[in-house]
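Undergrad: Residue strings, one per chain:
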Amino acid sequence: MSISRHRTTALVASLFAAGCSGDDISPTVDAAPLGSGPGATVKCESSGKNAFDTYGANAFVAVNKKIFANVTTEITGHSTTNLGDSFAKVGSGTPASTADDAAKFEGKLAAFLVYAYGGPNDITYADGVSYHGPQDMVAAHVGLAITSAQYDYFISSIVVPALISSGVMHGTGGATSPDDVTTCFAPIVTDAAFKASIVGK
Amino acid sequence: MRRATLASGVIGAAVAAVAILHVPAVHRSLAARGAPGGAACPFGYGAGARPVDLEARRARAAALRGPTAARARPALGFTLDATTAADVTAWAVAHDLRCDRRRGGMVVECTQVPGALVPGAGALAATAVWFELGPSGRLASIKTVRRDPAVAAVASAFTAAEHAVTARAGAPVRRDGSAAPELLARGALRQAMVEYRFTDYRAVLRATNLGDGFVLTEEYATLVE
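Protein sequence lines, in the order shown, are assigned to chains A and B.
Numbering-wise (this note's numbering), the first sequence opens with residue 1 and increments by one.
Numbering-wise (this note's numbering), the second sequence opens with residue 202 and increments by one.
FYI, nobody ran anything at the bench for these hints, they're computed from the structure.
A virtual CB, placed ideally from N, CA and C, is assigned to each residue, including glycine.
A couple of the hints might just be wrong.
Straight-line Cα separation of at most 20 Å, DMTMM-like style, residue types lysine to aspartate or glutamate; simulated pairs [to be verified]: (1) A:Lys-201 with A:Asp-100; (2) A:Lys-66 with B:Asp-288; (3) A:Lys-201 with A:Asp-136; (4) A:Lys-66 with B:Glu-396; (5) A:Lys-104 with A:Asp-122; (6) A:Lys-104 with A:Asp-127.
Far from chain A, some chain B residues (derived; all Cβ distances over 12 Å) [claimed, not checked]: (7) Thr-269; (8) Ala-329; (9) Val-405.
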């Protein structure tokens with residue numbers, strides 16, 4: 001791992017910690033793409049850089065937190081059937097993909113998102129533990145029996161609102177009104193094989 | 202494959218975030234803050250309404266209320282705060298629909314429902330319809346997912362639903378994005394949203410480009426305590 005990558009790892013860790021405490025810190029972005037994840041070469045319309053280099057770790061923290069907030073709203077509304085009953089299995093270890101505790105889940109989530117969108121492969125998270133970004137996420141869905149409708153609802157009602165409300169640009173497209181949701185975030189989560197790897201497992 | 206694995210990870214991670222809520226320590230924290238489910242699944246599966254659930258529902262409803270009452274509360278032909286599980290079951294049997302009761306009977310999930318049976322969004326059929334019952338056992342909300350490969354079908358369904366709710370309930374309080382087919386079709390995750398808030402009713406409509414097709418999601422909910 002390069003010195004630059006170590007530096008960014010520390011930066012990401014501190015930013016996630018800051019994000020959790022509500023502080024506002026502007027991340028420093030390296031000039032060249034750092035990561036090796038699939039999103040590393042997917043360019044945002046607003047910047048010509050990948051999502052991590054465009055928005056920085058703070059934005060990823062914000063999106064993550066917003067997803068939590070949206071889901072919590074669903075939970076409080078007692079109206080989460082649309083997300084399926086797979087969540088009830090988490091923490092039980094049955095299926096095996098549900099065995100991680102809360103801290104580990106959160107750290108792995110952070111690491112994966114950073115990696116997936118062009119950040120470093122490894123981060124040290126706010127809990128002081130190092131997490132590896134590249135993960136076998138397909139295995140994480142085996143046994144959860146997520147339906148196509150649940151998946152569609154989750155993307156349209158949880159993920160997209162989280163991106164938009166966290167400040168990811170979603171204009172009409174073009175230089176004067178860039179649409180980064182479509183250009184650099186969507187390609188990662190809307191791949192046809194992606195859905196097939198999750199639904200019905 | 203690599204992209205697929207990555208995408209799986211992103212959604213998986215998001216799903217995992219939700220899953221964290223089921224970890225005992227997190228769950229206890231949520232329960233202490235008034236989230237439903239108590240010591241069981243925070244989503245309420247298998248659990249009836251508890252005092253803490255009712256408080257949480259009231260707090261959520263208060264946060265979502267608009268300033269005036271809706272002129273009417275359209276809900277795809279059903280009646281909020283009146284329709285019962287038995288009514289839904291009878292409807293499903295009459296139309297030979299496949300429905301299952303979930304979450305201890307508090308939710309009825311019906312799949313592949315013809316558009317004519319859930320009017321409001323034109324003829325677009327519903328992939329899934331979720332009927333949620335409130336503590337009284339009467340209809341608290343309906344959510345739908347309608348999918349079509351053609352942008353025009355979903356865009357027109359969104360517009361039809363928007364016009365129907367506006368005409369019957371009143372004007373929306375928030376809208377974002379455009380359901381114009383040429384804009385919705387420009388790329389994945391482009392979305393049009395409209396939200397209605399009244400003292401007694403909330404509705405949210407979303408048309409979303411999911412890359413492999415277009416989806417209309419609807420939510421119609423009571424805010425009456």
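Undergrad: Evaluate each hint against the coordinates.
TA: Results for each hint:
1. A hinted pair counts as satisfied when its Cα atoms are at most 20 Å apart, and Lys-201 of chain A with Asp-100 of chain A qualifies at roughly 19 Å.
2. Annotation: proposed proximity of Lys-66 of chain A to Asp-288 of chain B is violated, straight-line Cα distance about 37 Å (limit 20 Å).
3. In summary, the hint linking Lys-201 of chain A to Asp-136 of chain A is supported, as the alpha carbons are separated by about 14 Å, within the 20 Å threshold.
4. Proximity of Lys-66 of chain A to Glu-396 of chain B is assessed by CA-CA distance (about 18 Å); at most 20 Å being required, the pair is judged to hold.
5. A distance of roughly 14 Å separates the Cα atoms of Lys-104 of chain A and Asp-122 of chain A; the hinted pair therefore holds under the 20 Å criterion.
6. Under the criterion of a C-alpha separation no larger than 20 Å, the hint pairing Lys-104 of chain A with Asp-127 of chain A is consistent with the structure, at around 9 Å.
7. Distance to chain A confirms Thr-269 of chain B as a non-interface residue, since its nearest Cβ pair spans about 21 Å, more than 12 Å.
8. Some Cβ of chain A comes within 12 Å of the Cβ of Ala-329 of chain B; the nearest lies about 4 Å off, and the non-interface call is violated.
9. Non-interface status of Val-405 of chain B relative to chain A is broken: a Cβ of that chain comes within 12 Å, the nearest being about 8 Å off.
Violated hints, listed in ascending order, are 2, 8 and 9; each of the other numbered hints is respected by the structure.
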